[in-house]
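Trainee: Residues per chain, in single letters:
There are 2 protein chains.
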Amino acid sequence: MRIKSVEVIPLNIPLVEPFEIAIGKFSFAENVLIKVQLEDGTVGYGEVSSSGIITGDIQSTAIDIVKYISPALVGESIERYRYLIKKLRSIIKFHPGTFAGLENAILDAYTNYIGVPLYKFLGGASYEIESDVTLSITTPEKATETALSYFEKGYHIFKLKVGKDFDEDLKRVLAVSEAVPDCEIRVDANQGYTPKEAVRFINKLYSKDVNITLFEQPVYWKDIQGLKFVTDHSPVPVAADETVFTATDAFNVARERVVDVINIKLAKCGGVLEALDIIAVAKASGLELMIGCMVESNIGLAPSVHLACGTGEFSYIDLDSYLFLKELPLKGGFEVDGPRLIVKNIKKGLGIEESKKEK
Amino acid sequence: MRIKSVEVIPLNIPLVEPFEIAIGKFSFAENVLIKVQLEDGTVGYGEVSSSGIITGDIQSTAIDIVKYISPALVGESIERYRYLIKKLRSIIKFHPGTFAGLENAILDAYTNYIGVPLYKFLGGASYEIESDVTLSITTPEKATETALSYFEKGYHIFKLKVGKDFDEDLKRVLAVSEAVPDCEIRVDANQGYTPKEAVRFINKLYSKDVNITLFEQPVYWKDIQGLKFVTDHSPVPVAADETVFTATDAFNVARERVVDVINIKLAKCGGVLEALDIIAVAKASGLELMIGCMVESNIGLAPSVHLACGTGEFSYIDLDSYLFLKELPLKGGFEVDGPRLIVKNIKKGLGIEESKKEK
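From first to last, the protein sequence lines are chains A and B. Residue 186 in this note's numbering sits at position 186 of the first sequence; the count goes up by one each step and never skips. So this note's numbering is basically just the index in the second sequence, starting at one, shifted up by 1000.
Hint data in this document are derived by calculation from the structure and do not stem from the laboratory. Take the hints with a grain of salt, since some may be wrong.
Claimed, not checked - What the simulated footprint calls covered on chain A by chain B, stretch by stretch (three residues with Cβ under 8 Å from a Cβ of chain B suffice, anywhere in the stretch; the number is not a length):
#1 124–136
#2 295–308
Stated by the list, open to error - Partial list, computed: chain B residues near chain A (C-beta under 7 Å):
#3 R1002
#4 I1114
#5 K1120
#6 A1179
#7 A1247
Stated by the list, open to error - Derived lysine-lysine pairs resembling BS3-like cross-links, with alpha carbons at most 25 Å apart:
#8 K1344/B - K86/A
#9 K153/A - K87/A
#10 K1208/B - K1171/B
#11 K1222/B - K1093/B
#12 K164/A - K204/A
#13 K1204/B - K1171/B
#14 K1004/B - K4/A
#15 K1171/B - K348/A
#16 K1164/B - K1142/B
#17 K1222/B - K1208/B
#18 K1196/B - K1228/B
#19 K1086/B - K347/A
#20 K164/A - K208/A
#21 K1204/B - K1228/B
#22 K4/A - K331/A
#23 K1326/B - K344/A
#24 K1086/B - K348/A
#25 K86/A - K1348/B
#26 K347/A - K1347/B
#27 K344/A - K1087/B
#28 K208/A - K142/A
#29 K1142/B - K1228/B
#30 K1347/B - K348/A
#31 K344/A - K1086/B
#32 K1208/B - K1004/B
#33 K348/A - K1348/B
#34 K1344/B - K4/A
#35 K1348/B - K347/A
#36 K153/A - K164/A
#37 K86/A - K1347/B
#38 K1228/B - K1035/B
#39 K347/A - K1004/B
#40 K222/A - K171/A
C-beta: ideal position from N, C-alpha, C; glycine also.
For reference, chain A alone in the conformation it holds in the complex:
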């Protein structure tokens, strides 16, 4: 079945509140919706998140790139999805977030066309996953209040953004840890520490009996030896986020065991196929896997939820960005029950439903 059209539509989604990480602050999601339509009317959706500070993709470049390369898709058979994805990559380099949106739309269209839900297409290993919830950099009081409100909704795993101010970070993590004592705490420095600060930070937390399970991207993404230093001196697993985009990056950190865990985000690696390659490298080398997200709606999250459920290979799930959006442009992709993300009732593709508004 041939591809009839590729549309690209700006999606401006206001955030519930501004989101701050060590490398910047932003107040709403300027995303992009990609809609691939086949000649028989089958549709596939993908979303590009504006994650310029990480991947170089912003709303306007995403629109430019999709318009530029979509003629290479129109008229081609959706059944040759791997060839199509290779073809797109032979046209233009970088822009992994945009490629992820395009590939997700292609895979959604294809699995809708063959009538198989994506998580089953990927192996159907499980029907649901449990996500953490992310707490941004704020006062200990505000962070504790937010943590308690999520705890009441059933969340047991909290990921705290740190990496901005050593002492303030410590206070905030300790405050949250005391407020929700039986919960799992993860910290994410988003490159904000030096290697030695990072080692001091994680050992300090560990010595305070915080139930800390993961230390994500403590140092500068290019500082491979610094990252290895932290891993070698951390009592808890260290994860690479910004350091690992592709399977080759994963191979290079695995080769020297620079980290214990790789955080896959489709917007970094460019889509599900490359993500499967990273999973393979991690499994082959004994590393654990995390799956994360950019600030994206259920449309962009759905392929990650299906990937995690379908393969069953992820030890750490961080797919919570839909919580921070005031509205969702289209429904579907997965069901939500507190921290549980459930794909069991998806009948085909990603299960994205077109709302009346969008039509």
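Given chain A's structure and the hints, the job is docking chain B onto it.
Mentor: Positioned in the frame of chain A, the structure of chain B alone reads:
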């Protein structure tokens, strides 16, 4: 859709002529057919080749293992194929050839059930591949005669078994090379040389202007440093066959760049899913890929043909074992036009057709 039954049937297929490699000689294929049937009548086929000297799988153990673990499959949903395959592996270790047969039957049943040919399920990157043809250890005259007969049928790539007698091997390769001068020559020592013999052998051939493109498994499979020595001193790419079974093995050879090429065989790695993982590791680390086979019929070869076509990732194709069998128990899987193996007309699954005999 649930699995109704798993049958295991001995397949004794006489070889056209006895086949000799450096580590042994055999005169017919004692294989096994696995038939997975779903509750709606959908069928999937897999074949186990008796490759005990490489993988430890022989006909009787394959039958034992399938009977032992098939209760874990019956009643399960075929749509959870990745879960099923993990479940089987959680029951018993090793036996990769038997697992490959089982997994191939599961994937054939699943892709038949969803109505998608396996090569498209894997991405539909291409519709056909070109295989080499293997010439066993014999006199230079006989090898030349065989090469010429295949050349007349359109073959342009010849893989010569070597590794038994340095001087005889050299004479035979030179004789074939002179008889089919514009063709590509590959040599496979099946672990038969010492590292220094291997280096002398490949450089001697290269100095004689033989159009040599690949040197497969020159030394003992466990001799990683010996293999690296050959790779570092060979003017042509060196491939690991027996040295690499799984994605972890691939990672370990890639880490030190022990070889240039990895030869994937489903019977070694245990099936298509692990093969995809090896492909990922090889791509991530810049290694090339070869796909090979045991002595198996079209039933066992079909998943490899679909994998190679579907992914488009293989630089060296060695899927010729069906040529050495006097009869094929079931038809289908792919079409043959000389060295070309074609999947274009497969409508669903592997396209294996049940013959009247088998019914």
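Trainee: If a hint holds in the structure, say so; if it doesn't, say that too.
Mentor: Checked hints:
no. : hint              : verdict
1   : 124–136           : holds (count 3)
2   : 295–308           : violated (count 0)
3   : R1002             : 13 Å, violated
4   : I1114             : 5 Å, holds
5   : K1120             : 5 Å, holds
6   : A1179             : 37 Å, violated
7   : A1247             : 4 Å, holds
8   : K1344/B - K86/A   : 19 Å, holds
9   : K153/A - K87/A    : 45 Å, violated
10  : K1208/B - K1171/B : 11 Å, holds
11  : K1222/B - K1093/B : 20 Å, holds
12  : K164/A - K204/A   : 16 Å, holds
13  : K1204/B - K1171/B : 11 Å, holds
14  : K1004/B - K4/A    : 40 Å, violated
15  : K1171/B - K348/A  : 60 Å, violated
16  : K1164/B - K1142/B : 16 Å, holds
17  : K1222/B - K1208/B : 30 Å, violated
18  : K1196/B - K1228/B : 11 Å, holds
19  : K1086/B - K347/A  : 24 Å, holds
20  : K164/A - K208/A   : 20 Å, holds
21  : K1204/B - K1228/B : 19 Å, holds
22  : K4/A - K331/A     : 24 Å, holds
23  : K1326/B - K344/A  : 48 Å, violated
24  : K1086/B - K348/A  : 24 Å, holds
25  : K86/A - K1348/B   : 24 Å, holds
26  : K347/A - K1347/B  : 23 Å, holds
27  : K344/A - K1087/B  : 20 Å, holds
28  : K208/A - K142/A   : 21 Å, holds
29  : K1142/B - K1228/B : 33 Å, violated
30  : K1347/B - K348/A  : 20 Å, holds
31  : K344/A - K1086/B  : 19 Å, holds
32  : K1208/B - K1004/B : 59 Å, violated
33  : K348/A - K1348/B  : 18 Å, holds
34  : K1344/B - K4/A    : 22 Å, holds
35  : K1348/B - K347/A  : 20 Å, holds
36  : K153/A - K164/A   : 28 Å, violated
37  : K86/A - K1347/B   : 24 Å, holds
38  : K1228/B - K1035/B : 41 Å, violated
39  : K347/A - K1004/B  : 23 Å, holds
40  : K222/A - K171/A   : 28 Å, violated
Checked against the numbered hints listed earlier, the structure breaks hints 2, 3, 6, 9, 14, 15, 17, 23, 29, 32, 36, 38 and 40; every other hint is satisfied.
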